[in-house]
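The lines below spell out each chain.
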Amino acid sequence: MALRNGGWRRHGGVIAVLGLLCFVPLFVHNPYLLHLFILSMLYAMLAGSWNLINGYAGIFTFGHQAFFGLGAYASALLAMDAGLSPWITLWFGGCVAALAGLAIGLPVLRIRSVAHVAIVTLAFAVIVQAVVSNLPDFTRGTLGLAGIPAFAAFVLPWIGIVSFGAGDQVAYYYVALVFLALSMALTIWLVSGRTGLALKAIRDAEEAADSLGVDPTRYKLIAFVASSFVAGIAGACYAHYLHILTPDSAIGVSIMITILVMTLVGGIGTTIGPLVGSFVVTFGLEGLRGLGDYRLMVYGLLLILFVTFAPRGLAQLRSARR
Amino acid sequence: MLTQLLLAQIVNGIVVGSMYALFASGLTLIWGTMKMLNFAHGEFFMLAGYLVYFCYAVLDINPALSTVIAVVAVFVLGVVVERTVIHHLLSRPVWQFTTIIATLGTSIILQNLALHVWGPEFQNVPYFVEGMLNVFGIRIAYQRLLILGVSCASIVVLWFFLKHTRLGLALRATAQDSDAAQLYGVNILSIYTFTFGLSAALAALAAAMLAPITAVNPYMGLSPLLKGFVVVILGGLGSFGGAIVGGVLLGVVESLGVLFSSTEWSDVIAFTFLVLVIWVRPWGLFGVEERS
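Chains as they are written, first to last, in the numbering used here: chain A, 1 to 322; chain B, 1001 to 1292.
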C-alpha cells in the first residue's frame, strides 16, 4: 500500500503508542487502572473518528455522539433481542452508524456555512437521543438497557481460552486495543492516501481542488461514513464492555464535550492528537477526582484555554520543537 | 369549545413565541455582526432567571426594577465574556469554529457554577401581575399579556435603535461589510463587544419575563438555546425579521402541537423539520441565499 505525505513514518508516534499499549497489562494489574485504559482506548477511537471529519475534512460537526449511541444501541439490542453473538452485532452497530452518517452527511455536505453544519449535526444528535428516550417498548426509554451480553469466549492458539467474565479485564483490554489499532490503521490509510490528499486540498481550497477534478462531495462523504462507522464500533464495544446503556450516557451532549476536550487537548488535525488527548484527559481527570462534580467545569476551562492559547493542542509542542 | 381551546392555544403560542423571538434575535444579531454562534446564550438566559428570582422572589424588589437589574447585570456579563473569552479569537483563522468551542466552554462553566451555588432544584417565581383577562370566553393571565406587551415594545425599540441611531447604523454597517465599516471609521471591535452585550441583554429580558411561567433552574437555558437555533436557521441566520417571525411561528406550532401529540415528540418534530428545511433551503425560510 503506497502511502503519500511521508507514509507510515509520519505516524511513528501513533505506532509507538500502540506498541507501548501492548505491554501495559504485563505491568498493570489493578482492575481500576485497566478500566481507565480501556475507556481511554474506546474514547481514542471515538475522538479519532471525529477528528477525521473535523480535523482533516474541515467540516465542524457537533453531533458525533449520535453515531456512538446508535452503534451502542443497535449492537446491544440485536444481541439482547435476537440472541446473536456480540462479535457479529458489533459490525451491525458500526453499519447502522455508517448509514446514519450517510443520511446526515448528504444534507450537511451541501452546506458551507460552519454555523449551519454545527446546528444541523447537533439537532440530529438531539433527535436520535429523543427518539431513543421516547420508545420505551423498544429501547426501555430513559431507564436504559441493562444486562447487555458480554463478548463470547473463544480459543486462541498458544494462549488458550479467552473469556469475558466479570474479572477478565485483560481480555477486554486487548479487544479494545485491537479495535483501536484497526481504526488508527484505517485513519492513517485514509489521511495518507489519495483520500487524505483530496481532503486536505478540499479543506484548504475547495474551489481550487474542485477545478482540478477532485470531487469534494465524494471524498467528504467517504470521510463522513468511515468516521461514523468507527464511532459506531466504539459505541458497540462500550455497550458490551459496560453491559449498561442509557440515552444520557451513550447519546448525551456530554459525550460530544468529552470528544471535543480530548481532541483539542491532544491536537486537532493530527492522528496522534486524539489518541494522546484521550489518555491525558481520562487519567488527568482521575487525578482531579477530589474535585468531584467540578470535573465538568474543568472541561469547560480546558476548552477555552486550549482554543485560545494552544489551538493545535499538545501536538503543537512537538512540531514547535522541529 | 374546540375553537376556544384552539384560540387559547394560539394566543399562548404567540406569547411564548414572542419570547423565542427576543431570545433568537440576540443569536441572530451576534451572527449578523460577528459571524459566530453563541452556545452560552442559554446560560445568559439562565443567570437572568436566577437574578430575577433573587431580586423579586427573595428580596421582594419591585418586578420592573428586578428585570432592569437582571438585564443590566447580564449585559455587563456579556461584555466581560466577549472581552475575556471571544475577543482575541475573532481576528484569527477558523474563528467560526473556535468561537463555538469557546462559548461552549463558557456555557459549561456557567451552568455548573449555577449548579454548585444554587443546586438543581426548581425555584418558583411568582407572577408579576395577578389576575386573568376574560375575552370571548378565553381566559388569559395578565402575566402573559405583560409578556406580549414587553416583547412587542422591545422589538420596536430594537428596530428603532438599529435603523435610526448612529450606533445602530454602525452595527448594521459592521454586519454588512466589516472591512468597509472599519474604513469609514467604525471601531468594529467595540461594536463586537457591544453587540455581544446587547444580545445577552435580550436573552436576559426574555428570561425575566418567562421566569414566572417556567420556574428557574441551572439547566433552563438548554431548551431555549436549541429552539433559538431552530428559529434563527428557519428565519435565515442574521435576519432580524426572520428571527421574529420564526420565533412566533415556532411558538404557535408548538402550542398547537401539544393538542395533537405528546410534548416529548415536539422537539423531535421541530428538529426534523429543521434538518429538512436546511436540506431544501439552507439559507432558511426568509433568509437570502448567500453565495460564497
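Hints are supplied without guarantee of correctness; some may be wrong.
[What the hints assert, rightly or not] Here are the simulated distance ranges between beta carbons:
(1) B:Y1127 - A:F309: 40 to 48 Å
(2) A:L212 - B:P1093: 17 to 25 Å
(3) A:D137 - B:T1084: 14 to 22 Å
(4) A:L33 - B:L1115: 41 to 49 Å
(5) B:N1124 - A:C22: 21 to 29 Å
(6) A:V155 - B:A1215: 58 to 66 Å
(7) B:I1061 - A:G287: 25 to 33 Å
(8) A:G287 - B:L1007: 42 to 50 Å
Quick caveat, the hints were computed from the structure, so don't treat them as lab data.
No residue lacks a Cβ here, since even glycine has one placed at the ideal position from N, Cα and C.
So, going through the hints one by one against the coordinates:
no., hint, result
1, B:Y1127 - A:F309: 40 to 48 Å, "holds, 47 Å"
2, A:L212 - B:P1093: 17 to 25 Å, "holds, 23 Å"
3, A:D137 - B:T1084: 14 to 22 Å, "violated, 49 Å"
4, A:L33 - B:L1115: 41 to 49 Å, "violated, 30 Å"
5, B:N1124 - A:C22: 21 to 29 Å, "violated, 58 Å"
6, A:V155 - B:A1215: 58 to 66 Å, "holds, 59 Å"
7, B:I1061 - A:G287: 25 to 33 Å, "violated, 45 Å"
8, A:G287 - B:L1007: 42 to 50 Å, "violated, 60 Å"
When held up to the earlier numbered hints, the structure conflicts with 3, 4, 5, 7 and 8 and fits the remainder.
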